[in-house]
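Enquirer: Quick note, the sequences are listed as chains L and Y, same order. Anchor point for the first sequence: position 322 equals 322 in full-length UniProt numbering, and the numbering is continuous, going up by one each time. Anchor point for the second sequence: position 194 equals 194 in full-length UniProt numbering, and the numbering is continuous, going up by one each time.
These aren't lab readings, by the way, just hints derived from the structure by calculation. Because the structure is a prediction, the values reported are computed rather than measured. Heads up, the beta-carbon is just placed ideally off N, CA and C, and yes, glycines get one too. Hints are supplied without guarantee of correctness; some may be wrong.
Here are some of the chain L residues that sit facing chain Y, going by a computed Cβ distance under 10 Å [said to hold, decoys possible]:
1) Q124
2) V126
3) M131
4) Q132
5) G151
6) D156
7) E243
8) S244
9) H297
10) A299
11) R300
12) Q303
13) G434
14) V436
15) D440
16) A442
Just a sample of chain L residues kept apart from chain Y, beta carbon distances all over 10 Å, derived [to be verified]:
17) E78
18) E214
19) D296
Okay, the calculated beta carbon distance ranges per label pair [as the list claims (entries may be wrong)]:
20) L:D180 x Y:T47: 22 to 28 Å
21) Y:S33 x L:N301: 37 to 43 Å
22) Y:I79 x L:D365: 50 to 56 Å
23) L:N301 x Y:E145: 23 to 29 Å
24) L:A119 x Y:I79: 31 to 37 Å
25) L:D313 x Y:E145: 16 to 22 Å
26) Y:I32 x L:D464: 29 to 35 Å
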Amino acid sequence: MHVKKLGLLVLLGLILLVAAACGNNNGTDNTNAEEPANNAGAENEAGADEAETEAEENNTADEAENNTNEEASGDREELEIFSWWTGAGEEAGLLALIDAFEEEHPDVEVVNAAVAGGAGTNAQAVLASRMQGNDPPGTFQIHGGAALNTGWVAADRMEPVTDIYEEEEWMDKFPEDLIDLVTTDGEIYSVPMNIHRSNVTFYNTAIFEEHGLEAPSTFDEFYEVADQLQEAGVVPLALGDRESWTSLHLFETVMLGSLGADGYNDLWTGDLAFDSPEFEEALDHFDRMLEYINEDHAARNWQDAAQMVAEGDAAMNIMGDWAAGYFATDLGLEPNTDFGWAPTPNTEGLFMVVTDNFGLPQGVDNPETVKDFLRFIGTTEAQDTFNPLKGSIPARVDADPDAYNEYGQSTIEDFQEADSLTPSLAHNSAAPAGFVSQADQAVNIFVSSRNKEQLIQSLQQAQDDNIE
Amino acid sequence: MQNKKFLSDRWLAILFILPSIIVIAVFVYVFISWTGYVSFSNWNTLTPDLSFAGLQNYMFLFNDYRFQSGMRNTLFFTIFFIFGVLFMGFILATFIDSNIKQEWFFRNVFLFPMALSFVVTGVVWQWLLNPSTGVNLLFGMLGFENVPNWYTSTHIAFSFPLGSIEFGIPVAMLAVVIAAVWQMTGFSLAMYLAGLRGIPDEVKEAARMDGASEFQIYRKVIFPMLMPITISVVIIMGHMSLKIFDLIYAMTGSGANFVTDVPGVYMFETTFRANFFANGAAIAMIMLALVAVIMVPYLISARKGES
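Can you build the whole structure from these sequences, using the hints too?
Expert: Next up, the structure:
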């Protein structure tokens, strides 16, 4: 009898738990949408998890309480910022940005909902399920270009923010090419936070000096330099394609150099086919450049490859300029003294752009607060707070170059003087995600097989399937 | 009176089971059905599009270089992994069972890797088997010249063209097998140790009295008596290796030329990087079918055994 009573009590407790979790979800706090699933799952598990579940419950209860308190007094509104900025410099930049915003808007409480890992893939997985479950974060990080336009804008889940640009008179504060990247059918859908340049050759200055070399600016010069280095027993080009986007990254810079900005852009509109002679020439260059890479490329990620250059095990590395941040911040190297840089072969005056943007999803609780945040990140103050820490450059043309290190200043100059800005393929700005993923796979196979015909065929197939 | 008590007990039992039945029904079976439904749809963008696509997603996969590579890798990974775990587990269990001193010490040493997660194992072995930083440095110091490339090797041993890939044993996968065996040997060790302890000494004595050699005792007495344990280990390791994701994701990724890719990693990347949700769902369904091929006969035979 006694035992039975106890059993009923436990059962009652469980039912209450579920009810409480569900009830919470129906309330104002949408960020906890995953809670019922968690709790329900935990019930099936052994006692070890019980404490954890309880703790979680308490948290939820506390949060719910806080919310009601805040709302009752009309105190602070929540704004959730979703990103994959969890690395050292970028996280520091994000936190500084949030502090500055909260200072300006004391009535808003920012929730930093960053998801780590997978170069953003993990974050994208979480974002996709939240968007599809009609529980969008206040605003989220997304690369300008195809990722935005053929992604959430095409899915009709974003609100245009053209009015912000008009109110704040931003139309001439950001480069025209950049605004075009985030525009669909005449409406602007996001605000650029930063710019990374992806067509950069980094090199070890000591090695170049020792062999009396200069940074190559054309493909022929590159081969000449690389041949000399190889003869001297130095690995000419470091590649770390454990995550295969790095070989696609190398390839996109080669395509840009070989085809020029117009030819490169024509690939993503279907005006230039992959089985064209022009593309074949670009592929020949890529094929030849792969002769100069390190043997253990498949075991390295991009940091490991950059490190080879830093430590003098390799002479050059073609990477986006987050590598400059890695050299300067993580490895403590001096720009221009320890490492040098130049545009990748044949891309002088061209600027391959990776730009992090924030926009306004449809169906958020507090669109005005989100817009306040978007207004804020478009200011020079916000851009100069975030970017020096992240190691990127501001997207605005009138930002203060003094806030940046030597590398940043030279890139800001290149950015402002660039003949054209082209969107990066490897970073989802040039083509729809489906094409990028198939190109990524095809290039990964090519690096080992070196079968040009097969690569052309796969890319042509991917173009036919994914690009109208 | 007796009957009433029985009835209320029964109701109470049902009440207790009910929450977990509901939760499992929704979060397992409804979700599996939903995934199955999606796998027959056209949902290959961010916008859900549930129109019927027939077998298109499955056809795409079976013609796909990456998926074919993943299936090949899973097949050989499973074979070598299960064989390795059984072999090492049995050797170590026999060793511990041979009345050595400090038995507890060895037992714990061998069981300990099981306490780690596959992610930790993956990261550790990624460095150990890295051709330029790992055990190869040791081999180099000892004067070996042709050191293996481990998981960076793109060589496919005994290969012949099949479909769009070279079918054969992906050498890089063997590095992953080493890590997986290192981690899971403790499990088969524990199972076999319990099995060996469960064989009465009288049986072995009787065999010896009949003049059987030690080898014959193993072959005719011990192996047959350990058969149920071997089957259990094969089933449990088999369903694990068919679904492997974390070890590969942490240790090698999909590898150069997809020599260490597995369907689990492909599913994750195609769904969340390429937004090919229907393709991802189709991979999930194929993996489910593969595991079912092992699990269903086992469950059926286990049920027959019960009744």
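Enquirer: Run every hint past the structure and note whether it holds.
Expert: Results for each hint:
no.	hint	result
1	Q124	holds (5 Å)
2	V126	holds (9 Å)
3	M131	holds (8 Å)
4	Q132	holds (7 Å)
5	G151	holds (5 Å)
6	D156	holds (7 Å)
7	E243	holds (6 Å)
8	S244	holds (7 Å)
9	H297	holds (8 Å)
10	A299	holds (5 Å)
11	R300	holds (8 Å)
12	Q303	violated (14 Å)
13	G434	holds (5 Å)
14	V436	holds (7 Å)
15	D440	holds (8 Å)
16	A442	holds (9 Å)
17	E78	holds (25 Å)
18	E214	holds (29 Å)
19	D296	violated (5 Å)
20	L:D180 x Y:T47: 22 to 28 Å	holds (23 Å)
21	Y:S33 x L:N301: 37 to 43 Å	holds (39 Å)
22	Y:I79 x L:D365: 50 to 56 Å	holds (54 Å)
23	L:N301 x Y:E145: 23 to 29 Å	holds (28 Å)
24	L:A119 x Y:I79: 31 to 37 Å	holds (33 Å)
25	L:D313 x Y:E145: 16 to 22 Å	holds (21 Å)
26	Y:I32 x L:D464: 29 to 35 Å	holds (34 Å)
Hint compliance for this structure: hints 12, 19 are broken, all remaining hints hold.
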